[in-house]
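Visitor: From the two separate chains plus the hints, produce the assembled complex.
Just so you know, the protein sequences line up as chains A and B, in that order.
Those letters in the first sequence? Residues 1 to 161, by our numbering.
Those letters in the second sequence? Residues 1 to 491, by our numbering.
Hints listed in this document are in silico derivations from the structure and should not be mistaken for laboratory results.
If you're wondering where the values come from, they're calculated on a predicted model, not measured in any experiment.
Where a beta carbon is used, it is the ideal one built from N, C-alpha and C, also for glycine.
Among the hints, erroneous ones may be present.
Quick partial rundown of chain B residues pointing at chain A, CB under 8 angstroms, derived from the structure [what the hints assert, rightly or not]: (1) 10; (2) 164; (3) 166; (4) 319; (5) 320; (6) 380; (7) 382; (8) 383; (9) 384; (10) 463; (11) 465.
Per the computed footprint, the stretches of chain B lying under chain A, defined by three or more beta-carbons under 8 angstroms from a beta-carbon of chain A, are [stated by the list, open to error]: (12) 170-179; (13) 304-317.
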Amino acid sequence: MGFKETGVITPRELEEKGLLPPKERLEKGPVVIIECPEEIPCNICVDACPFNAIIMDKIYEIPRVQWDKCTGCGTCVPQCPGLAIFVVDLSKPDKALLTLPYEFKPEPTKGAEVDLLDREGRVVGKGKIVNARVYDKTWAVTVEIPRDKWLEVRGIWIPRK
Amino acid sequence: MSTRDYRIYDHPIIDFRRGRKITFYFEDKVIEAYEGESILAALYAVGIRIFSWSPKLSRPRGAFCMIGKCSSCLATVDGIPNKRICIEPVREGIRVYRQKGLPETPNVKQIEELDTVEVETDLLVIGGGPAGLQAALTASKLGLNVVIVNDHYKLGGQLVKQTHRFFGARQFNGGMRGFKIAEMLEEKIRKQNNIKVYTQALAYGYFKGGIVGVAVRGPKPVNLLVKPKAIVAATGASEKGLTFENNDLPGVMGAGGAQTLMNEYGVLPGEKALIIGSGNVGLIIAYQLMQAGAKVQAIAEILPKIGGWFVHAAKIRRYGVKILTRHTITKAIGETHVEKAVLQMVDENFRPVPGTEKEFDVDLVLLSVGLTPDTRFFSQAGAVMKWIPELGGLTPIRTRYLETSVEGLYIAGDAAGIEEATTAFIEGEIAGLSAAIKLGVDKKEAYERREKLLDYLWNEYRMSPVVERSRIGKLKATVSEEEMEKIRRGL
Chain A
1 MGFKETGVIT
11 PRELEEKGLL
21 PPKERLEKGP
31 VVIIECPEEI
41 PCNICVDACP
51 FNAIIMDKIY
61 EIPRVQWDKC
71 TGCGTCVPQC
81 PGLAIFVVDL
91 SKPDKALLTL
101 PYEFKPEPTK
111 GAEVDLLDRE
121 GRVVGKGKIV
131 NARVYDKTWA
141 VTVEIPRDKW
151 LEVRGIWIPR
161 K
Chain B
1 MSTRDYRIYD
11 HPIIDFRRGR
21 KITFYFEDKV
31 IEAYEGESIL
41 AALYAVGIRI
51 FSWSPKLSRP
61 RGAFCMIGKC
71 SSCLATVDGI
81 PNKRICIEPV
91 REGIRVYRQK
101 GLPETPNVKQ
111 IEELDTVEVE
121 TDLLVIGGGP
131 AGLQAALTAS
141 KLGLNVVIVN
151 DHYKLGGQLV
161 KQTHRFFGAR
171 QFNGGMRGFK
181 IAEMLEEKIR
191 KQNNIKVYTQ
201 ALAYGYFKGG
211 IVGVAVRGPK
221 PVNLLVKPKA
231 IVAATGASEK
241 GLTFENNDLP
251 GVMGAGGAQT
261 LMNEYGVLPG
271 EKALIIGSGN
281 VGLIIAYQLM
291 QAGAKVQAIA
301 EILPKIGGWF
311 VHAAKIRRYG
321 VKILTRHTIT
331 KAIGETHVEK
341 AVLQMVDENF
351 RPVPGTEKEF
361 DVDLVLLSVG
371 LTPDTRFFSQ
381 AGAVMKWIPE
391 LGGLTPIRTR
401 YLETSVEGLY
411 IAGDAAGIEE
421 ATTAFIEGEI
431 AGLSAAIKLG
441 VDKKEAYERR
451 EKLLDYLWNE
461 YRMSPVVERS
471 RIGKLKATVS
481 EEEMEKIRRG
491 L
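Bound conformation, chain B alone (with noise of 0.2 angstroms):
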């Protein structure tokens, strides 16, 4: 174990205010930490890069997603096994142990016997990220009940690591940094006394009867039974791999990943970095890598051209950080950790080019090579699902009021398909109009407002030439309403 501490203290855009100092026990050992930290995001800050090892083959697992949606960060706290680290805070005292392989079946007795808790509402909201919190602050505001669960201990979704100002207009955000941004909307959902917000609280089925599962876990876990009227589910996305050899070393990374720990915990994801992919997300987490303090080896990108915004390439460039077009990644090297990378060009088919391989010195490898839309809710709620490429993969067809084929069902974010913050935004104010009118919120202005949205987004955001390919997507998405009719019918 390192000495070294990892967390980063001056930040040229973040004033990191960490909690009161704690300690706490891996696997017997005494470590350090600070109250409001992920327990990976501790361990990581003191120099531990495998949380797990793999069932079969007992390869070594790093931290990949970092925001509850992979399972490489599986440990047993507190004798309870499959706890994803990087969504559980860390506490004073408690015991943290590496599963190798499938744990054991958990002691029953330690798990103390569960209250179940039913609640009526009028709008249930799944998910606090913009898409959620815009959603609730809607139906709220018009004069609905509203119940908000959301996975992680903090409210925000991935607004919270976005040091960036946000592109846009300035009704929706537009100007302001994304970490701001949460914390605005955060302290607007306090006020509203009409909302109910449960944190590290998983939407894990919904039932017969429009009654929704959650388990609300943290210090006075419940068995939730949610019945609402309707519900907003803006359950996110999460980060595609890639194929390559040694693709599951630690040190490869979701860059959305390194985003996490590096912005919202304070902690260096490493020294030396290569990333993997040009969109957007490369191109600004190379820049925030350079911010913390790191060094980015180059950007590899496998298309001809640079797949993100001109200004956020121009912005790296001017750093001296090189992005290589017709590249991609060949081979991770390294015995438990990334040591060594290797790009090689490709031909027009996308095949490595031999005898062009680059070697790099880094311990860091994020992938950035797009998101896929998490929605495993609809799937299982038996929304009528579509395959759409440009959005990410699977997601649920949606009227333009974004109800899906379940009745009462409505989606916003990225779960209804990768695009950008604003029109997360704009899409959960949608959804929570939508909900509202549907529950016989008679307001003209609900009308006007959700008309005027939707004018707003079709005709002229999604109009803009760099966002073609969402809008296309959506596109695809979308279904009239009659149309939707004769689906849930069956015809």
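If we strip away everything but chain A, and leave its shape as in the complex, we get (with noise of 0.2 angstroms):
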């Protein structure tokens, strides 16, 4: 079963669409993934980054990183639509930060302690919030988690008081 008829999109299929950064970029620190495998009319992400580093030659095209010029900033992670990028970081070898998109209450704080979800929702780990910052309600937020973890996490939750 693929993504369309799940809602998820596995590992394999994120490769073989070409998605994912190649391992060296991946090590040498932050840098974007855009889990945006259908033809959909947008291309907000390409206005978004201030590095020119994602192109799309018709509106409906793939959006495709350039992954030399992606610094993995994150300014387009609270823009696009679909709430589909993320940021992985995997440069310091006992954890990878992810900063992913957040619109639940309560609100982020740095520090917080939260549950990690996987792309079905499943609780997978204890995660730290190391920095969260809002854009037009949308926050971006940087989470510390299991290194090994970098391509499963895709989620959070944070308990509520």
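Guide: Written as structure tokens, this is what we have:
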């Protein structure tokens, strides 16, 4: 079953669609992963990128990242209408940093412990918020997660007090 | 009556700005409300779920469409029957009674004698949603006098309840949240002093000589007779229903209806929901329900594949919402309100498979099984219509400049066939430009802009594979100028 049947894209499908950064690039530092595998008529990410690292010839093409131009700044993360953009940083040996969009209450705060969710909403561990910035009510939250879970975790849930 | 307050006070996206606190009477009981709410929203907020009873079997009727298109909420307000209280603003001291079946003839003494006011204008725009507002702005900037009539008391159409950022290109408001776009457009409209806006104004008929009758309700009701040189009708769409046992129980609601309650008025439509249909509307409402603090038990999709865009599906799957493909609803259970609902698997012919029943504990069943263009005005005006399944049903044929077979009557937005918000803006602009050109605005820029928009619409935007269905539909609805001339002359 593919992502159109399940609503969940597998790492293999991401790979096949060319949506994953090369391994060398991943280890260098933060880099964007755009999980947008369909030809949707939308190019907000192209305009959002301050480094012109995202390209699209026609409005409905799948966004392509020029890995060498992407700095992993995350400006695009909260601007994507599909909430489909993540930033992964594997430059530290003992952990991974993941930046993801977040639009729920309570608001994220630095230092908070959160549940880490995979693409099916299963809790796969705990993480810590190390940074949170907001753009027009959408948060771009950076969480510290176990290094081996960088391709698995795609959501967070902040427990209500 | 429950004493619970269903209003939402803590929301990640919307700051609900409620008006002054007021009171009104509902069947002689005092109800507190906020100015700006619809009567229905105010009643829903205090736990009332039945708004009328059906004429034949006295079955309870709940909220369904919430945009004045269905007849679930017909009530008597200050002695006047058959008011759609979903688009009637609450006012201090009014008296509201639910209707059981057909109402009594109204006491004519209670209805003030109406003045008839005649208005001449260049362009009449029917509908204050994205397509209508864009058409009005475009024409007014080219120097035309414009009158907008809108049946709701607020402008913006369905934009007002869209909390997500719009897709598309920045030049067509991509990246902005829907309700922010509505605010922006309204502000622009208010700045144009050649646009006159009538809200709570229903275009009830098209008459000889191209005159349009408009019932302007609200505090100063008038019978408006508009004589325009051209008309853009952007009358939108309404949600489709679905056949299953107890599909009329309060708590079975259009997904858009729930969106209206939740995002426009800040009232929680229910606590545990089942969503039927996995198109973009169904996927988006699931996410929005969670944002408002409700639980989504599952989304049922009758086809083997998810209907909407993957990114919308991924967004809710990430929070654990299941999408059950090859499933449909076969039953809602409850006395006066939905308490449970049953899903069943379907075979390749979409027939429920016995023994696959799954029961869910829910108080809300949201139907997102498609929209149908609201083309009543066009039918009555005598426009030639065509049944186009890809567009949701019956819609007028039109030229590429969006003129229908009734000369000078243009169409744009969902009335022209169900599509996306971006195309509503673009079609609105094309219709506005076309009307202006027809009325003699002889500006090179107008022609050039129109060609550019048409090129982008047909040769780029609609070439996306994910909007193929609506592109096919729009192709079927579009005829050449020559062909339209023949149709007009009855050849």
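Visitor: Now tell me, hint by hint, if it's right for this structure.
Guide: Right, here's what the structure says about each hint:
no. : hint    : result
1   : 10      : holds (6 angstroms)
2   : 164     : holds (6 angstroms)
3   : 166     : holds (6 angstroms)
4   : 319     : holds (5 angstroms)
5   : 320     : holds (3 angstroms)
6   : 380     : violated (34 angstroms)
7   : 382     : violated (35 angstroms)
8   : 383     : violated (29 angstroms)
9   : 384     : violated (30 angstroms)
10  : 463     : holds (6 angstroms)
11  : 465     : holds (5 angstroms)
12  : 170-179 : holds (count 4)
13  : 304-317 : holds (count 12)
The earlier numbered hints that this structure contradicts are 6, 7, 8, 9.
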